[in-house]
Every structure is written in structure tokens, then in C-alpha cells.
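Those protein sequence lines, which keep their order, are chains R, Z, P and V. Once you know that position 90 of the first sequence is 90 in my numbering, the rest is easy, because the numbers rise by one and skip nothing. Once you know that position 133 of the second sequence is 133 in my numbering, the rest is easy, because the numbers rise by one and skip nothing. Once you know that position 134 of the third sequence is 134 in my numbering, the rest is easy, because the numbers rise by one and skip nothing. Once you know that position 46 of the fourth sequence is 46 in my numbering, the rest is easy, because the numbers rise by one and skip nothing.
Keep in mind that the hints were calculated from the coordinates and are not lab data. Be aware that a few hints might be false.
Derived, one-sided and incomplete: chain V residues facing chain P with beta-carbon distance under 10 Å [what the hints assert, rightly or not]:
1. 8
2. 14
3. 17
4. 31
5. 105
Which stretches of chain V does chain P cover? Using the computed rule of at least three CB atoms under 8 Å from a CB of chain P, they are [unchecked claim]:
6. 36-48
7. 127-137
Chain P regions said to be covered by chain Z (calculated; three or more residues, Cβ under 8 Å) [to be verified]:
8. 49-63
9. 93-107
10. 144-156
11. 159-172
Virtual Cβ for every residue (Gly too), placed ideally from N, Cα, C.
There are 4 protein chains.
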Amino acid sequence: MADGRLEAFSDGVLAVAITLLVLDLRLDSTAGHASLAHQLGDHWPAFAAYLVSFFQIGVIWVNHHALLALAARVDRVLMFYNLLLLLWVTTIPFTTSTLAAFLRGGGSDARDAVLLYGLSMTGMGVAFSLILWRLVRHNLLRRPVSRAEANRALLRFGLGSLVYPASALIGLLWPPFTLIAMALLAAYYMIEHTPILPAYDDGAAAVVL
Amino acid sequence: MADGRLEAFSDGVLAVAITLLVLDLRLDSTAGHASLAHQLGDHWPAFAAYLVSFFQIGVIWVNHHALLALAARVDRVLMFYNLLLLLWVTTIPFTTSTLAAFLRGGGSDARDAVLLYGLSMTGMGVAFSLILWRLVRHNLLRRPVSRAEANRALLRFGLGSLVYPASALIGLLWPPFTLIAMALLAAYYMIEHTPILPAYDDGAAAVVL
Amino acid sequence: MADGRLEAFSDGVLAVAITLLVLDLRLDSTAGHASLAHQLGDHWPAFAAYLVSFFQIGVIWVNHHALLALAARVDRVLMFYNLLLLLWVTTIPFTTSTLAAFLRGGGSDARDAVLLYGLSMTGMGVAFSLILWRLVRHNLLRRPVSRAEANRALLRFGLGSLVYPASALIGLLWPPFTLIAMALLAAYYMIEHTPILPAYDDGAAAVVL
Amino acid sequence: MADGRLEAFSDGVLAVAITLLVLDLRLDSTAGHASLAHQLGDHWPAFAAYLVSFFQIGVIWVNHHALLALAARVDRVLMFYNLLLLLWVTTIPFTTSTLAAFLRGGGSDARDAVLLYGLSMTGMGVAFSLILWRLVRHNLLRRPVSRAEANRALLRFGLGSLVYPASALIGLLWPPFTLIAMALLAAYYMIEHTPILPAYDDGAAAVVL
Chain R
1 MADGRLEAFS
11 DGVLAVAITL
21 LVLDLRLDST
31 AGHASLAHQL
41 GDHWPAFAAY
51 LVSFFQIGVI
61 WVNHHALLAL
71 AARVDRVLMF
81 YNLLLLLWVT
91 TIPFTTSTLA
101 AFLRGGGSDA
111 RDAVLLYGLS
121 MTGMGVAFSL
131 ILWRLVRHNL
141 LRRPVSRAEA
151 NRALLRFGLG
161 SLVYPASALI
171 GLLWPPFTLI
181 AMALLAAYYM
191 IEHTPILPAY
201 DDGAAAVVL
Chain Z
1 MADGRLEAFS
11 DGVLAVAITL
21 LVLDLRLDST
31 AGHASLAHQL
41 GDHWPAFAAY
51 LVSFFQIGVI
61 WVNHHALLAL
71 AARVDRVLMF
81 YNLLLLLWVT
91 TIPFTTSTLA
101 AFLRGGGSDA
111 RDAVLLYGLS
121 MTGMGVAFSL
131 ILWRLVRHNL
141 LRRPVSRAEA
151 NRALLRFGLG
161 SLVYPASALI
171 GLLWPPFTLI
181 AMALLAAYYM
191 IEHTPILPAY
201 DDGAAAVVL
Chain P
1 MADGRLEAFS
11 DGVLAVAITL
21 LVLDLRLDST
31 AGHASLAHQL
41 GDHWPAFAAY
51 LVSFFQIGVI
61 WVNHHALLAL
71 AARVDRVLMF
81 YNLLLLLWVT
91 TIPFTTSTLA
101 AFLRGGGSDA
111 RDAVLLYGLS
121 MTGMGVAFSL
131 ILWRLVRHNL
141 LRRPVSRAEA
151 NRALLRFGLG
161 SLVYPASALI
171 GLLWPPFTLI
181 AMALLAAYYM
191 IEHTPILPAY
201 DDGAAAVVL
Chain V
1 MADGRLEAFS
11 DGVLAVAITL
21 LVLDLRLDST
31 AGHASLAHQL
41 GDHWPAFAAY
51 LVSFFQIGVI
61 WVNHHALLAL
71 AARVDRVLMF
81 YNLLLLLWVT
91 TIPFTTSTLA
101 AFLRGGGSDA
111 RDAVLLYGLS
121 MTGMGVAFSL
131 ILWRLVRHNL
141 LRRPVSRAEA
151 NRALLRFGLG
161 SLVYPASALI
171 GLLWPPFTLI
181 AMALLAAYYM
191 IEHTPILPAY
201 DDGAAAVVL
């Protein structure tokens, strides 16, 4: 661990953000409310968005963990990039609730909600790439990395970042597509390793963080 | 401790979820409100649900702690199971507030609220069993465990998971039963040990985590 | 430190509870609202309650820290007492907002709000005494403590716990008294040491935690 | 690290406070709402305030981290100063939402909102100076510091604290100035080092925390 407090603070922000998502799940129990079962059916975008965003932030945590485990030390610029990452992550409860609220209405509002959601995911992906870039280019890693290996890692991370805006843009045609694509992306990044393996790596251990 | 950050993140999520429960305790002080004493009596399901859910999450923390203390290392699949556990735990503030809001009304809404509450508890129980399964079957424990011992532990955990949906189903006949059963379950799991004892175990230490 | 995760979880809950207090500071900016300056003056009980409760929880953290630093190990019963303590602490944002909302109205509502606030403080004080009792009576401390020293510590802690309900009862005559008394108690416990000093203690170090 | 739990608790409070800021980003999706795009444009002060306050708290964390890393030990007075710092930091979500809500209206409300925002920043700056003062004057640092070096550090920190109220006062003439000045201050403190360098310092490492 390069810097216990950087990780502790990031863990705290990610833990609060992932738990705040639940505040959007609210049913109406005031006089004249629809039946609970009917409300649950009616609010499906809120539950779908909750599920997708929960795993998005969960996977961000898993990968943040894996990336920072590679660092031997942390500098101020990396701290700033980490703040940028957290900034985008903390917008996820907001863009998720906006998506949940406007998705069913369709029209330009649903498209704008999809763009907003894609923006927070894209910003998050870019910040992740900046962190990797800083680690690789400023020699903050625990072990030397060849230029070819570094380029390969940056390319793969960078390409990954492009999938988020692409998913949002395709969502302009059919908004629910974005939710589905983001869910698949979360599943992909759950399985996918960080491109640079730790020094003490050997087969099975590569999966261990 | 197998992985400090896995535990730190889980602690964070559990701490936020257990504290967010209090957001459902709100009294009305706007003009024309009922007296405070009357409101307190009127909101008893909110206070009962708060108490039960607080100890549910508290006991989840105690057992999460005990289970992870057995792990020598953590793999990606276990991280995913842990996320599943946290997903169900973070729904508890929502299913608790739903139960509190709809329990008194009775009828199909109270029954649906009970089912919803039972669902989050059942999902949590299943995720716990998955974590234990992974630890036992993939050799992630700190000490070797015989097949017989592993089967016994999985059976006991698995049976425990069945009590949650059973409590919810019985609650369909009389909704408050679910709250009472969940309170008793929390009390039971507070006393009950993790089935597999740590390697450095000896009498008194078994109680120590 | 007896158990890193017990302290991490408690720190998390205390940090969330102390920060949630701010959610009660809300001004009205909808059409036809009173001027900001007027609202600030009008909401003084909210600000006073915020300040007092912030330091209450802050001091609870300082003393929780000092108490747990004495423990060599932690058992399940102590974990349960710790959960009890956290239960009462997490009610503080609720009892604080209730006090803030009903204090100005006076009458029986103000008195009930004072009793409710006193209840969460008394419960917290009792839970603290239980933790100290468990540490002392079950030999969980880092160094042996004489029976006389243990009795003195328990007596002082126990007496402290009585001051909370007393402050609430006097508040029935003049509700703002409770806020003032609680503020003074927080100030007292900020200065006051834990009755049992750590083993490595020497003059100056006694103040250090 | 002088005291793991002081930092863990502070990290928790800062993480919750920085994440709670997002609760102010809410759009209206009830019947008859304005279009999402229009609402986003209409709420620009909320987004600008979110951004500025996020980096304010982020930079507070970075500097809190750097300052506490200098401490060899922590005493009760320093804990109290730290609580004071956290008190002011936890008011930032409130003063930020107040600024966001009243900035556009202009008039005395916008000026009062600017003063309130400036107050929480000034209080935070003063608390930071108190922590530095305590560390320097009571010999809590990891290495001896000459009187000249200590005075220089205190002077620079103290002058920094004056910029916050100055920014708020100038904001009385044109309220948005305060937001801009606070953003510039956050950027400045992101780059600026803590005045006293750690003992193990050497060129590049000075940037590392």
C-alpha cells in the first residue's frame, strides 16, 4: 500500500457514494398512494439504475484497489487525479437518480439523462486513465515496467474509456440501451485484470489483489 | 486480516447503511402537527423497524468480521460475492423504511412490505453462504479444513439462510411476526459463533474475534 | 489497539452520525421565503443543537478512542455493548433535529423533545459504563487493575451517566437548560481523562491517547 | 502517522462531507417540470458550488493529511482543534447549498449567503492554523523545528487564513466573485506545500506525502 490515508479516504468516499444510492429508492405511503406492488412495478427504472450503479461503483472500488496496490508511492499530482476520480464517482448517485427519474418519460429528457449518466462514467474512465498514466510515466510503480508494457496498458485502459461515451451516444437512439451497456461494462471490468501485474505475481496470485 | 481494504470498504458501507437508518425517524413540526408524544406513539413501526434493522446490520458486521478473519487471501470471485452481500445490506434502509411505512396499514401492502424485507434478508443470507462456500472450497482459509468440517459449516450456514424467507412467508399471515422473528434471528446470530474456528483457537479465544 | 475493525466500524458510524447532523441545517429558498438573515435568526435552536450535538459526538469519539485503547482484546459481549453505544449515538441526529424543531414551540412538545434528547444521551452513557464494566470485570485490559482502582473508575463513570438524565429532568422546567447542560457536559468530558490510565503511562503521556 | 484513529475518524468525516455535497444536485421530474436541459442551465450555481466545494474539501483532506504526517504524537488539545476543523468542514455542505440557492436571487440574500460561506471557510482556516500552532509550539512534531522556521510557517498559514474572509467581503460587491476566489484558493492550496517539510525530506520526496 503506497499511502494508507489516500486509500482510506477513497474507500470512505466510495462507501458513502455506493450507499447513498439507496436514498433514491422511496415509495409513497401518504394517503391515496398507489398499492406497494404497483409502485414497485412503476419504479422499475429506479431499481434497475440502483443495481447498475451499485455494481459500477463496486467495480470502480475493485479496480481502484488493484491500481493503487501497484503504486510504491503517491505524489500530489496523483492525489489530484484521485480527487478527480472521486469527483466523478460522487456524481453517480445524482446522474443515476436523474436517469431513473427521466428514463421512462422518453423524449429529449430521457436522452439528456442518458448523456448526463454517460458524462459521469466517461469522466470516471478518463480519471482512471490519468492515474494509470501518472503511475507509469512518473515511475511510481513498485517494479520497473518496460515501455512496451506501459504502452499496452495505457492503450487498453484508454480504449476502455471510449466505450463509456460510445454507450451513451448509442443510448440517444434507445435510452435503455445505456443502462444495459453500463451493466455489461461493470460485469466486464469485474472479470478483467488490471493490465500491469504486481511484481510478486504468479498464475493464481494474479487474480488475488 | 486477508485484505485490509476489502474490510475497510465493507466497514464503510456497513457503517453508512446502519447510520442512514436514522433518516427514517422524522417527526412533523409544521403548523397543525399532532403532539410529539402522539406522533411517537403513532410511529411505533418506524422505531421498532429501526431497532431491528440496526441490530441486523450490526450482527452482519460482527459475522462479516468473524468470517473474513478466517481468510488467508481474497480472490476476485470472493470480492464479487462480498459486493453482493453489500448490495443486499444497502437495501436494508429502504426495505426497513418501506416496512415501517406500510406495516400499520395492513392488507396487501403490509404483506408486500414484509416480502420485500424478507427478500433483502434472504439475499443477504445467501451472499454470506456464497462467501463461506468460496473460502472453504477454494482453499482461501488460514488453516486446512476437513471435508466433513466444511460440509457441517456450509450446512449450518445454509439452513440459517432458509430461516429468513420462512420468517417472511409466515409474516404474510400476521405481518408484525416478521419483525419479531428478525429481531430473534439477530439475537441468535449475535450469540452464535462462526462454524469454523480460527487456527489459533482455544476455549476462551473462540469467543474473541 | 485491541481490534482494528471494531474501531474502524465505530469510527465509521461516529463519522457518519456527526456529519449527518448537518442535514438539519436547511433554509427555505422557494418563492415567498423569508430573508436569509431572518431565517438564520429564526432557526437558532437548529444551530445551537447542531453545535452541541457535534461536540457531544466528537467527545464520544475521543472517549471511545481512549477506552478502547485500554483493551488488550475484545469479546462478543463487548461487541454487543459497543453496538448498543452506537445505537444510541446514531439516534442523536434524530433527537437533535426533534429538539431543534420543537424547542421554540414550548409547552409539552418542548418538554417531550428534551426527554427524548436526554434519553439518547442517557442510553449512550449507560452503554459506555457497560463497556468499561466489561473491560474491567472480564480481564480484557492491557494491564492488571486493582479492585479498588476498578471500583473507583466504575463509580466515576456511573455517576457521570446520572448527570444526563438529571439534565433532561431539570430541562422539563426550562427546556433550553438541557442544551446548555449538555454543552457543559461535552466540555467537561473533553478535558476529563479516562479514569484508568494506560500501562505505558507517565505524566505528559497520560494526556496523549 | 501519529494516531491512526484520529486520522481514520477525520478521513471518515471528510469523506462523508464531500459525498453529501451531491445531495444538493436534484432535478424536478414531477408533472409539469421544466425540461432537463433547461433545469441544468437554471441550476448552474448548484453545479458551480458543488465543484468548488468538492475541491475545497478535497484540498482540506490533502493538507490535513500532510499536516498530521508531521506529528509524532497527538494531545487532547490538538484533538479538540481537530474537532473544531471538522465542525467547520461539516458545515460546508450547508453553506454550499445555501450559496447555491440564494446566489442567483441577488440582493441581501446573496450577500448573506456569501458571508455564511466565507464564515465556514474562515473558521476552517483558523482551525488549521490552531492545529499547526499546537504542533509547533508544544513539540509534537517528528523533528525539531527552529523558532525562525516555526514563525515562518505560522505566518504563511495565518496569512492564508486571512484570504478567506477577504474573499467573502469582496463578494459583498459581486457575489459570484466569492465562488471564483474560493476555486482559485483551492487550486493554490492543491499546489502549495505544507510549510514545514518532513524530516525524511529530499527534493522529489517533498512532494510525496
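Hint by hint, which ones does the structure fall short of? 4, 6, 7, 8, 10 and 11
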